[in-house]
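Here the protein sequences come in this chain order: C, W, X and B.
Quick note on my numbering: the first sequence kicks off at 1 and runs consecutively.
Quick note on my numbering: the second sequence kicks off at 1 and runs consecutively.
Quick note on my numbering: the third sequence kicks off at 1 and runs consecutively.
Quick note on my numbering: the fourth sequence kicks off at 1 and runs consecutively.
Don't read these hints as lab results, they were simulated from the structure.
By construction, the Cβ of each residue, glycine as well, lies at the ideal position given by its N, Cα and C atoms.
Check each hint, because a few of them may be wrong.
Unchecked claim - Partial chain C-side listing against chain W, Cβ under 7 Å, derived:
#1 F89
#2 G105
#3 T122
#4 S134
#5 D163
#6 S272
#7 V281
#8 V294
What the hints assert, rightly or not - Interface residues of chain W toward chain C, partial, derived using beta-carbon atoms under 7 Å:
#9 F46
#10 G47
#11 F89
#12 K98
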Amino acid sequence: MPRLSYRRALTRALADELARDESVFLLGEDIRVAASNVTAGLFKRFGPERVLDTPLSEQAFTSFATGAALAGMRPVVEFQIPSLLFLVFEQIVNHAHKFPLMTGGQCAVPVTYLVPGSGSRTGWAGQHSDHPYSLFAHVGVTTVVPATPADAYGLLVSAVRCDDPVVLFAPAGALDVRADVDLAALAPVPLGRARLHRRGDDVTVVAVGHLVHDALAVAEELADEVSVEVFDPRTLYPFDWEALAGSVARTGRLVVVDDSNRSCGIAGEIISTVVERVRLVAPPRRVTRPDGAVLPFAPALDRAVQPSREQLRTAIRHVMKDG
Amino acid sequence: MPRLSYRRALTRALADELARDESVFLLGEDIRVAASNVTAGLFKRFGPERVLDTPLSEQAFTSFATGAALAGMRPVVEFQIPSLLFLVFEQIVNHAHKFPLMTGGQCAVPVTYLVPGSGSRTGWAGQHSDHPYSLFAHVGVTTVVPATPADAYGLLVSAVRCDDPVVLFAPAGALDVRADVDLAALAPVPLGRARLHRRGDDVTVVAVGHLVHDALAVAEELADEVSVEVFDPRTLYPFDWEALAGSVARTGRLVVVDDSNRSCGIAGEIISTVVERVRLVAPPRRVTRPDGAVLPFAPALDRAVQPSREQLRTAIRHVMKDG
Amino acid sequence: MTGADPVRLYRMVRLIRRFEERAIELVRSGHVVGGIHPYLGQEGIAAGVCAALGVDDVVAGTHRGHGHVLAKGADPARMLAELCGRVTGLNAGRGGSMHAADFGVGVLGANAIVGASGAIVTGAVWARRRRGDDTVGVSFFGDGAVNEGMLLEAFNLAALWRVPVLFVCENNGYATTMPVAGAVAGSIPGRAAAFGIPAAVVDGQDPEAVRDAASAAVDRMRAGGGPELIEALTYRFDAHHTFEHAVRLDYRPPEEVARGRSRDPVDIQGDRLPAPVRADVDAEVEAVLAGAVQFALAGAEPDPADALAHLYASGLTARTGGG
Amino acid sequence: MTGADPVRLYRMVRLIRRFEERAIELVRSGHVVGGIHPYLGQEGIAAGVCAALGVDDVVAGTHRGHGHVLAKGADPARMLAELCGRVTGLNAGRGGSMHAADFGVGVLGANAIVGASGAIVTGAVWARRRRGDDTVGVSFFGDGAVNEGMLLEAFNLAALWRVPVLFVCENNGYATTMPVAGAVAGSIPGRAAAFGIPAAVVDGQDPEAVRDAASAAVDRMRAGGGPELIEALTYRFDAHHTFEHAVRLDYRPPEEVARGRSRDPVDIQGDRLPAPVRADVDAEVEAVLAGAVQFALAGAEPDPADALAHLYASGLTARTGGG
Ligand SMILES: Cc1ncc(C[n+]2csc(CCOP(=O)(O)OP(=O)(O)O)c2C)c(N)n1
Ligand SMILES: Cc1ncc(C[n+]2csc(CCOP(=O)(O)OP(=O)(O)O)c2C)c(N)n1
Ligand SMILES: [Mg+2]
Ligand SMILES: [Mg+2]
């Protein structure tokens, strides 16, 4: 089977959707020459009407996409850096997200916001290293964080086809992941459906995005000690609560590892929803960025602010010891 | 004792800080004539150099405040509507909040963002009815939601004096609250310190902002049935975890009522942090806005999307029954 | 469409005038909750501009948006029902005054965020043109909006991509209480010139002058021209918002108000009609509005159980906020 | 300060040139993690503009910001240590290339968000002036930034409030891979004219021409004038970012690059000096940079335990992210 990289899976999903549906088009900065290396080859294949380079006017082009969507198109907007989502927060949250309800169902806003390279890219420092997916899970915009190439493909395809706005975060830590993939078997992955990467009996580890790979590695490492189930929500909003409740009901223990800030992050949401529904045998634990984290430049500091395998191991051992 | 309204408590705090400290100034839309009725009388008293009306350029004036703060001032920026915080999310989160760490401690950004009338103002509909405090608790900007006139005064004073950015939400549902207040006793209220409004033995109800008053009313109503402790965090970030742990350790039961969206909201954070630390006798419950809430215009729909006393009663009864 | 002849133009100006007056009555009687931003005095602009448009053209408006919605052809009865929050309203009671929309006649909606409509209309027109329609669009906004960066970004996009959008700035002298001179450095046509967009200044109190300027611009745009801007000089006869009827804000000298009101678009256009024709139109408008009020008040109020209807176009259902 | 005479001007141009070249070597050797946006070719602008400033004036820069920081007077050794992430760096290793700041010499920082510095500088200068200083400020930005709404809002604020800020647009022909003609409708001086801001276009490759234009503007501003804009025409000699050294992006014709490089500010200014003087300066600069490299590499790496140092100026300590 050919090896497919996560990044090329995204490229392939865009190409397939552009080919399938005339109403799909791409919009973003430097996407013609594919500076982020996600849209490689697409300008050549689909031309300037389908692959639009924009000026540095994020607010306007985000709302331009909303307008185009209101007129029946399915824009995909690429953002070069995750914090650009802060800059267009108004346009996504207060407009794209709210249009259907506010108009009493007169319209839909099927826009995909694609953020390749979210989270820390070592050395990009404070303003370029955010992982703001929990913010979108709070406001209720569909939020997707694929971990693997096949999921990156399948979730991006589903995002483009979704009638609502969807933000897809492609973590920097996952972009270079490669996997053996049967290209013919690549298929849409439904939004809101989790994936169990590894079965286990003792503890459910919920891991988001690139941290799924860390969770799997830690699970292997600790295999003699504890049987770890690795649960990848894939979509953070809407979350696959049923699947998670099933997993935790079996294991009775919960650890969440999530690369966003601790306070009001998705890890807290997961713990909270689980304890409302399931009696755990030990207090749950989470491994996250610190509260209010700003990533310092120096690589060792940057790393120190991100969730680590060491922290995950500690958390797993704690929940095993505690109950 | 004179009766002081919440709104006038804010006015008084601003006046006192303007008088006390030359480096304090106010900035915002229509604050000279006090369209929001918070800055009433201040233009006349302090003049155009201290009370600046701005053009509709929220992004620029927010960063203008950052710049002034970097040069030693203590700006207070008023926003007419809560969703304007979406528009300046970049400027607050990616700049004001990050400057101290990114510069290695070369500077401070003591700006207060004041949002009078956050949450639903009946009939203001989808784009003007947000209550985005959980977003700021996630990014780690000090987030304050006073419930009473005295706290509104004391917390705003502390916000202005704080060396970091602080967002103060003055919920529409609290602005008209009045209380008998000894004006001479008005004093700064420390940020990050909770307030116990009512002692109880059976369940801790954490209520945010205007919902404190609902919680107190429900606690009274149910007094024969259950002994409710009403806990007002006052500051959502940093949160007074010690005080809450103490309360819950005594009552063993937790209900949170919070007017922000459910997913990744402060209620989830509170539940999550508590269950990490304290063994509850019953599963915790929360009463919030729905996931992804957009407030519909029609008053009955608008109300249906906000946390209600009915829901709070139900939640309290549930935790009493469950354990 | 309203049509462009003097009688139809008068009819529309009159209709908007009386609509607003009836709406204000309904605010006073408590049927329109949350109040409105009356369009009184500015009717000639919406009527004149929309007289130059076809039903397939698209417009988006502002918080002061009733005139635009009506002039583009929405049913006054359903519009008024919307203000009253009834299921029979344009938005099924979900939008209210600030979000009234009628996609069927090309109204993408009033908009509660100043400066937001420019980019949305630009995207919608671009999309329609790509499909081969010869749609043009209009973005209405106030003098306050020309200081919003998002609008200026939209100017750039429209000019760059030669999207035929007519930017109509209704300069009524104030943004809430802020006079233009205190907010706008440079000039409004200068804002257009910065992006190579041709601009004209017209007497916004003269509906025919507005119509003529708009028609000329629309003709050029349909013939392949890029965006244009019209600054329509006008005056707001009433309050910024009906809340001012209760709380007097002191910012417009009475003589100025009197002078502004002396140039009334209803009279300016009405005087062009023979008195009996004018009387007939007035009577007809009264009848339409009497019917509209009746229709509006007869409409059912929405069921709170459906508060989140249309939140997601994709059919996703949100978790509710209950305990 | 660098001073304005031809030798000192040459010295600064040369210093920036060689600083960038040494920095690129350190990128290649892995000592500067994350890469840099080289200022090569644009040195004359920072040097020329800052030659017109005093130590009490303030500047803020861009992602391509080394030149601005050095020209304003920061120590090259501490600057290089910052790029290497050492505690001896300007920002104690917390900022890196894109956030290097030196408040001691009026550098409010490079800035990773395009268009962000304008409003910050405006606020800082306004604040300093209010205290009676006769400070002026400079906001540096690229041709891409003139399409960012937040910058245009800042133009308006500065013009309106007559804050003496010199807006310096370094037009190097591209925003990453986007040519100016594809992004800027209208013109760059036209952007200033929109707000009544006087604008001049200068040859950015000629350090003296830049200095003369800047000095004239600064003189007018100190004499009580409002903001001004200079468009400095220049060319970026190297990659947008050093990642392009590894991944070739195809967007600049080789002939164009050759033509651009043929007008080298180092030579243009160097040719004005007698050869021996130039050679002395060159040797002196080499010595400074040899010392800087040594200093940078000798600096200690920060302790990961201090990763969150300076997160809050108020002394608040954040919860960590551990499990
Ligand atoms: C971005 C934004 N800022 C502020 C507000 C609050 N607000 C609503 S209307 C208004 C004044 C608008 O003035 P203008 O654009 O001149 O329109 P007018 O009200 O005069 O029709 C303000 C400040 C808002 N809704 N959106
Ligand atoms: C608001 C924002 N949008 C996009 C980016 C990503 N980005 C960084 S530099 C750059 C190009 C900037 O071009 P220009 O302003 O001309 O400056 P130059 O790089 O040419 O010096 C882009 C798109 C960013 N950092 N900030
Ligand atoms: Mg106005
Ligand atoms: Mg450039």
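Comparing the hints with the structure gives:
no., hint, result
1, F89, "4 Å, holds"
2, G105, "11 Å, violated"
3, T122, "16 Å, violated"
4, S134, "5 Å, holds"
5, D163, "14 Å, violated"
6, S272, "4 Å, holds"
7, V281, "11 Å, violated"
8, V294, "4 Å, holds"
9, F46, "31 Å, violated"
10, G47, "33 Å, violated"
11, F89, "4 Å, holds"
12, K98, "5 Å, holds"
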